[in-house]
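The hints should help you fit chains B, C and D onto chain A, whose structure is shown.
Chains as they are written, first to last, in this note's numbering: chain A, 1489 to 1616; chain B, 893 to 1284; chain C, 134 to 255; chain D, 665 to 911.
These are calculated hints, taken from the structure and not from any lab test.
Among the clues, some could well be false.
Quick partial rundown of chain A residues pointing at chain C, CB under 8 Å, derived from the structure [to be verified]:
hint: 1; residue: Asp1546
hint: 2; residue: Ile1549
hint: 3; residue: Gly1575
hint: 4; residue: Gly1586
To be clear about the criterion: a stretch of chain B counts as covered by chain D if any three or more of its residues have a C-beta under 8 Å from a C-beta of chain D, and this derived list gives those stretches [to be verified]:
hint: 5; segment: 936-943
hint: 6; segment: 950-958
hint: 7; segment: 972-980
hint: 8; segment: 1012-1024
What follows is a list of derived Cβ distance ranges for each label pair [as the list claims (entries may be wrong)]:
hint: 9; chain 1: B; residue 1: Thr1083; chain 2: D; residue 2: Thr755; range: 34 to 40 Å
hint: 10; chain 1: B; residue 1: Glu1013; chain 2: D; residue 2: Thr755; range: 52 to 58 Å
hint: 11; chain 1: B; residue 1: Gln1265; chain 2: C; residue 2: Phe150; range: 52 to 58 Å
Predicted, not measured: the structure shown is a model, and the values here were computed from it.
For glycine and all other residues, C-beta sits at the position ideal for the given N, C-alpha and C.
Each chain is listed here by its residues.
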Amino acid sequence: MKSTPSSKNFYQWFDPRGRSISSWGFIINRITALGLSLYFILHLIMLGQLTQGQQAYDGFIALVKNPIFAVGELLVIAAGVLHGINGVRIGLTSFGIGVRYQVMMLIFGAVISAGIIIFFGFRMFGGV
Amino acid sequence: MSSKPTVLIIGAGFTGCALAYDLTLRGFSVTVVERGEICSGTSGRTHGLLHSGGRYCVNDEEAAIECIEENIILRRIARQCMEFNLGMAVAITQEELQFRDNYQAGAEKCGIPVRWMESSEILAREPAINPSVLGGFEIPDGTFDPLRLGLAFAASAKNRGAVFFTYHQVDGIHVDGQSRATNITVINRHTNQRIQLNADVIINATGAWAGKIAALAGVNVPVIPTPGVMVAFNQRLINRPINRLALPGDGDIILPQRRMAVIGTTSFEVEDVDYIPIDAGQVQQMVDRAAEMVPAVRQAGWRGSYMSARPLIQSGTDARSLSRTFKCYDHEADQGLKGFITITGGKATTCRVMAEKTADLVSSKFNISSQCQTSEFVLDSYRTFYFRQPAL
Amino acid sequence: MQSSISPKNHENALLWFIKLLAGGLIFGLLVVHFIVNHLIAPGGLLTFNDVVQYFQNPFVLIMEGCFLTTVLVHALLGLRSIALDLNPSPKIIWYLNRGLVLFGSLAFVYGIWLLIKVSSMG
Amino acid sequence: MIEITWKITIRIPRQRQDEISAEWQDFSVEISPDETVLDAVEKIWAFQDHTLTFRHACHHSTCGACGMRVNGVEKLTCITPIREVTRNNGTLRVEPLRNFPVVSDLVVDLSRFFEDIERMHPPQVATNRQDNLLYEPVADESANLERLVDCIECGLCVSACPVALTDNEYLGPASLAALQQALAASIDTAEIDLADHHTGAWRCHSAFECSAVCPSNVEPGYRIMDLRKQLMQKNFKQWFGGKGKRA
Chain A
1489 MKSTPSSKNF
1499 YQWFDPRGRS
1509 ISSWGFIINR
1519 ITALGLSLYF
1529 ILHLIMLGQL
1539 TQGQQAYDGF
1549 IALVKNPIFA
1559 VGELLVIAAG
1569 VLHGINGVRI
1579 GLTSFGIGVR
1589 YQVMMLIFGA
1599 VISAGIIIFF
1609 GFRMFGGV
Chain B
893 MSSKPTVLII
903 GAGFTGCALA
913 YDLTLRGFSV
923 TVVERGEICS
933 GTSGRTHGLL
943 HSGGRYCVND
953 EEAAIECIEE
963 NIILRRIARQ
973 CMEFNLGMAV
983 AITQEELQFR
993 DNYQAGAEKC
1003 GIPVRWMESS
1013 EILAREPAIN
1023 PSVLGGFEIP
1033 DGTFDPLRLG
1043 LAFAASAKNR
1053 GAVFFTYHQV
1063 DGIHVDGQSR
1073 ATNITVINRH
1083 TNQRIQLNAD
1093 VIINATGAWA
1103 GKIAALAGVN
1113 VPVIPTPGVM
1123 VAFNQRLINR
1133 PINRLALPGD
1143 GDIILPQRRM
1153 AVIGTTSFEV
1163 EDVDYIPIDA
1173 GQVQQMVDRA
1183 AEMVPAVRQA
1193 GWRGSYMSAR
1203 PLIQSGTDAR
1213 SLSRTFKCYD
1223 HEADQGLKGF
1233 ITITGGKATT
1243 CRVMAEKTAD
1253 LVSSKFNISS
1263 QCQTSEFVLD
1273 SYRTFYFRQP
1283 AL
Chain C
134 MQSSISPKNH
144 ENALLWFIKL
154 LAGGLIFGLL
164 VVHFIVNHLI
174 APGGLLTFND
184 VVQYFQNPFV
194 LIMEGCFLTT
204 VLVHALLGLR
214 SIALDLNPSP
224 KIIWYLNRGL
234 VLFGSLAFVY
244 GIWLLIKVSS
254 MG
Chain D
665 MIEITWKITI
675 RIPRQRQDEI
685 SAEWQDFSVE
695 ISPDETVLDA
705 VEKIWAFQDH
715 TLTFRHACHH
725 STCGACGMRV
735 NGVEKLTCIT
745 PIREVTRNNG
755 TLRVEPLRNF
765 PVVSDLVVDL
775 SRFFEDIERM
785 HPPQVATNRQ
795 DNLLYEPVAD
805 ESANLERLVD
815 CIECGLCVSA
825 CPVALTDNEY
835 LGPASLAALQ
845 QALAASIDTA
855 EIDLADHHTG
865 AWRCHSAFEC
875 SAVCPSNVEP
885 GYRIMDLRKQ
895 LMQKNFKQWF
905 GGKGKRA
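So that you can see chain A by itself, here it is in the shape it has in the complex (with noise of 0.2 Å):
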């Protein structure tokens, strides 16, 4: 029947229509999740290049220093705020601590993550 649990609806997982603002730690914590997880992969596949000599690496280097890798980089470095951040909460709601002010946190981590993610931006784009 339609509405019967199934691995079908997973793509609802990431629907916040209707949903509380602490969906928002749920959603957002599995989407970088997926992300870094893929991005980890490739890290370590990137980082395979320094087995090639240096002209193989420098050249790498050379075509990831362009903006648009910048932009990305900047997306791993927001997933990687965010999915720690909120991983805290998460780690401190799971013995009991603060479990009250879960969303008290959670606006607090975003605010925080906010912070950083705007720090590294201008960090990053800030003197070009």
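Okay, now just chains B, C and D, sitting in the frame of chain A:
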């Protein structure tokens, strides 16, 4: 008789569910049809007072005795859906205070254990009560969860073989040439399909709707639906049911339920009970009255208002009176229709004894001399009603 | 009915705790990683020589090795958890477990080999 | 007193038991904004379409039968006034709860749900102290008096839970909260091991939607986190406590 006699009960309110359980224990093959969910009519919408009989001990001794007897039984068999912290009947006015001796005498006569409390004790126990309270009785009132009381009876019946067809609307009652009601047609509201159910005896346990169902079989049941309004507040202002120390009237009771306080009730007559609009004036009147007992209801947040249509039986009819508090019509005796019985009236607290009396009547029709056993066992968990397999 | 047979358990306090612990360690290591890779190196990225130089420090080797391990553990346990949300059959869980262990081991060996290789290029 | 009447459109997915998909049907209803969504649904049934099926019983939030999705949010419809969810001439989508099989129209099959809760052996009645959440103060004079437990088993939490969307085996917020409640009331038959499972407390991913939609102060999210804490404590004792007590 080689096979079990079959009984068909129309209506799964308190009466229908308790009757299904009683008849199943006595060895009948029972089928219950209900047009909605269990207790989706009047039963579900009661205020949930487990009567001690205190409310009736002065002017209706018989009802009071029935209440205290059933109160003690239900507390044993249906503990799963009850809050029992004892209740109070408090005097706010001098007039009510003067009612004290009358009340005490009535309670003693009916066997209701009561104890007088001075205002200091009342306020220590229930700080939300009007500080100008003059005193009151401690009485064995309790609160029950309406749906779960019905479900517990239904579950116990179902686990012992009764069959429940919820969401089945009765469409017609067939009366044969010998003027015997032999079968009914019902519409399965989930599928819109019509099915026919046969039975040796058909019992109309539809409460305020009893007149309408009886009319399908061509008999007359003089029931007037008499709704009352109730208001729930989102704060558990008190931990025990609080009554006025007076004869029953509008807005004279406030009772706890989960984290709520519920006040009740009023009384007026309507013709159609499928949808009863709530009268804002009545609600206000009742809140004003309840605030005399517990002033904090004025500040408490509104949670819900609702109507519950009691089945009031027109007086002066020749119905066989099994008790003055409820009526059981054997339509063979009163209108010559065999195999059709109507049970209506009563209150939730007395649903078990209503079922007992009705089951006695049904048993006598089949010359079965069986004892009622419903007061002997603790009811099954109400959740088992929804189990896919019987939980026994 | 679920009540009669309890299905085999695939997640427990230990796995949860490891994920949490790894997450916490990553948090700490990441701060160091960020500082070294983005704040100390001009322009944000290191050149080949800088990288090789950087990996001469045994402390850096240990740190990056730990980082690799914790990220792997945390990421694979996390992905497994998401996979379990999809209510896979026991058979799929069987393959999933082995697949993740295999991938994790390969990635670990590859990462460590990379560390040693790069540090030996100096 | 002036009676205000709003005219609203209510959209309900209609579905018979044997049908695979639902078809939307619009009903135009005239109703006071102070009446509830359940009143509106009952009005449709009483005056417009007697074939409409829905669950309801107490109409004051103690039975939990009338849980539905109103404009995509889980609501106990008997305590949801029309004015809170729409405006005059507005449209209201009323749907059955998610994550349960639909029987017909707005009625869902809760058998599995009740079986799972029953396995947790939660008390139906507890003292005020046991029933309150750990952080809630309780007045001395009422601490040991009893009340029906907060959970009304309406299923809203399961409908709102993102994990329950995909995982049919997940016990879900209501059952886990019931287990926590059973442990809090020191019920002998309550087994914490039921939560120590991939279908139990470890399946929760802290979206806290259950607590957000709960109409009855149960805070399943809080209770699941408390279960996790208990499981951690129990396991820490076993790992590091040496003579950790075996259950």
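Checklist entry - What are the numbers of the hints that this structure violates, sorted from low to high? => result 4, 6, 9
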